[in-house]
Amino acid sequence: DQQVKQNSPSLSVQEGRISILNCDYTNSMFDYFLWYKKYPAEGPTFLISISSIKDKNEDGRFTVFLNKSAKHLSLHIVPSQPGDSAVYFCAAKSNTNAGKSTFGDGTTLTVKP
Amino acid sequence: NAGVTQTPKFQVLKTGQSMTLQCAQDMNHNSMYWYRQDPGMGLRLIYYSASEGTTDKGEVPNGYNVSRLNKREFSLRLESAAPSQTSVYFCASSRTVTDTQYFGPGTRLTVL
Chain A
1 DQQVKQNSPS LSVQEGRISI LNCDYTNSMF DYFLWYKKYP AEGPTFLISI SSIKDKNEDG
61 RFTVFLNKSA KHLSLHIVPS QPGDSAVYFC AAKSNTNAGK STFGDGTTLT VKP
Chain B
114 NAGVTQTPKF QVLKTGQSMT LQCAQDMNHN SMYWYRQDPG MGLRLIYYSA SEGTTDKGEV
174 PNGYNVSRLN KREFSLRLES AAPSQTSVYF CASSRTVTDT QYFGPGTRLT VL
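Top line first, the protein sequences correspond to chains A and B.
Just so we're aligned: the first sequence equals residues 1 to 113 in the numbering used here.
Just so we're aligned: the second sequence equals residues 114 to 225 in the numbering used here.
No lab work stands behind these hints, which were simulated from the structure alone.
Mixed in with the good hints there might be a few duds.
[Stated by the list, open to error] With a straight-line cut-off of 27 Å between C-alpha atoms, the simulated DSS-like cross-links for lysine-lysine are:
(1) A:K37 - B:K122
(2) B:K122 - A:K100
(3) A:K54 - A:K71
(4) A:K5 - A:K100
(5) A:K100 - B:K170
(6) A:K37 - B:K170
Being a predicted model, the structure only gives us computed values, none of them experimental.
Please build the complete structure, drawing on both the sequences and the hints.
Quick look at the structure:
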């Protein structure tokens, strides 16, 4: 059973608008969540993270929200830029097993000029 | 500062052949990881090494072996390749297991 799910395989947004990428998890032991961005033919790069003791973390245009009761997190990108077009992966891990990250299947974001 | 490097970039094997994927990092990181990514899927952890001298299984270790050769290098070996191991393999490293992971560019492996 997939423990981290990104139910939207793709998302298309107009430049300047908000992009919202969603992620759900089932394992209540997860207490640290990360978002990675991946361009074609490159490795993923870390974007932003959030600990379960917080419900929001912001870094420039990127904000991650965590709703622990719903086991749901989202990544907001405002304003979206064409260079943000990439695959975004949500990942989760637990403090008791910090070496093991579980990834979702990714959402392909396309930002149209 | 090259970060995480992987060799080779591409490889085609026949079923039953063996090969070793190489990974090296120059960031003095303690922890290193091997993932695979199949089309349309996320990354799945094969093995990781929390520190030099230790290795642990990840989510999908069957059919693979690893060696943490020294602090810089972490290799992944396929003893008898199978078509199901066709994938893109990513190596990553982090200062410790709780820190941000930095990924290499990947090795695209095809097993015929």
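Looking back at the numbered hints, which does the structure fail to meet, lowest number first?
none
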